[in-house]
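J.: So you can see what is in the structure, the chains are spelled out below.
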Amino acid sequence: MPTDTTRPNPRSTRTSAVRAASEADRGRAFVLCVAAWLVPGAGHLLQHRLARGLTCLFVLPLMFLLGLLFDGALFPLTPITQSPLTSAAALAERCIGAPWIATAVAGWGRGDVVSPTYEYGWVLMVVAGLLNVLVVLDAWDTALGRK
Amino acid sequence: MPSHFFFLLIFSVLVSTVFAVLQKDTVAEQIRFALTMTAGFVAFAVVAGWLMRLFPL
Numbered sequence: 001m002p003t004d005t006t007r008p009n010p011r012s013t014r015t016s017a018v019r020a021a022s023e024a025d026r027g028r029a030f031v032l033c034v035a036a037w038l039v040p041g042a043g044h045l046l047q048h049r050l051a052r053g054l055t056c057l058f059v060l061p062l063m064f065l066l067g068l069l070f071d072g073a074l075f076p077l078t079p080i081t082q083s084p085l086t087s088a089a090a091l092a093e094r095c096i097g098a099p100w101i102a103t104a105v106a107g108w109g110r111g112d113v114v115s116p117t118y119e120y121g122w123v124l125m126v127v128a129g130l131l132n133v134l135v136v137l138d139a140w141d142t143a144l145g146r147k
Numbered sequence: 001m002p003s004h005f006f007f008l009l010i011f012s013v014l015v016s017t018v019f020a021v022l023q024k025d026t027v028a029e030q031i032r033f034a035l036t037m038t039a040g041f042v043a044f045a046v047v048a049g050w051l052m053r054l055f056p057l
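Going down the list, the sequences are from chains A and B. Just so we're aligned: 81 in the working numbering is position 81 of the first sequence, and the numbers increase by one with no gaps anywhere. Just so we're aligned: 24 in the working numbering is position 24 of the second sequence, and the numbers increase by one with no gaps anywhere.
No lab work stands behind these hints: they were computed from the structure. Honestly, I wouldn't trust all of these hints.
As the list claims (entries may be wrong) - Some, not all, of what chain A presents toward chain B, calculated at C-beta under 10 Å:
hint : residue
1    : Thr55
2    : Cys56
3    : Thr103
4    : Val105
5    : Ala128
6    : Leu144
7    : Lys147
Claimed, not checked - Calculated Cβ distances over 10 Å to all of chain A for the following chain B residues:
hint : residue
8    : Phe11
9    : Val27
10   : Met52
C-beta atoms are modelled at their ideal positions from N, C-alpha and C, and glycine is treated no differently.
Same shape as in the complex, but just chain B:
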């Protein structure tokens, strides 16, 4: 079975693509926005995962 990270990447790329085409007008800006947003999704998930590791419930 694919990993959680795989599903995170799929979700991030798809959502970022839609937001990028809605928010930006030129292709270069859209690509930059999508990559930034995808990186933000992944970074937040990694940081949140490590923070949750501190509080096992």
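Okay, chain A solo, but in the shape it has when bound:
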């Protein structure tokens, strides 16, 4: 049976178009995730999910701020072999984005180890960062149409 090899295969054309659109979606989702990391809730606000975005925009920085007010500390990024838990807490705090950056630049967050609220403080700061990771992942899923 003679085969026509001059015409492009419509199936492969459709597949590459779908692949290109998928990569564009992933690129856009990645940018949204960076925004969501930097400003808690921004990833949802940019996708017009106002309730989720505004709630996270308000609650997560509030949590971080309360942690600072309760004498919590910004943990230094030590080598993981030196102090794994401190490194983990440091990474978690950095996941909140702009609040961490502003605190570090302003020189706040030295903490007060002898304060009775010190433990509550740093736990609130660490958990705020970890919750922002969940928010970023939710923004990713929303951008890819999974939610």
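Assemble chain B onto chain A, guided by the hints.
T.: Leaving out everything else, chain B in the frame of chain A:
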């Protein structure tokens, strides 16, 4: 100084709020989920506190 229970409430309410808006879609479901989760946090803390009282270290 505020009590431990006060800090427990603050933590529970804030964490429950975030989980509620991420997990549920309607406002009614979100409020119900947040209240349930907050109550769960507090109840677990109270139960765990009483259990730890049995094993003073």
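J.: Hint by hint, note whether the structure agrees.
T.: Here is what the structure says about each hint:
{"no.": "1", "hint": "Thr55", "verdict": "holds (5 Å)"}
{"no.": "2", "hint": "Cys56", "verdict": "holds (6 Å)"}
{"no.": "3", "hint": "Thr103", "verdict": "violated (18 Å)"}
{"no.": "4", "hint": "Val105", "verdict": "violated (24 Å)"}
{"no.": "5", "hint": "Ala128", "verdict": "holds (8 Å)"}
{"no.": "6", "hint": "Leu144", "verdict": "violated (16 Å)"}
{"no.": "7", "hint": "Lys147", "verdict": "holds (9 Å)"}
{"no.": "8", "hint": "Phe11", "verdict": "violated (7 Å)"}
{"no.": "9", "hint": "Val27", "verdict": "violated (7 Å)"}
{"no.": "10", "hint": "Met52", "verdict": "holds (16 Å)"}
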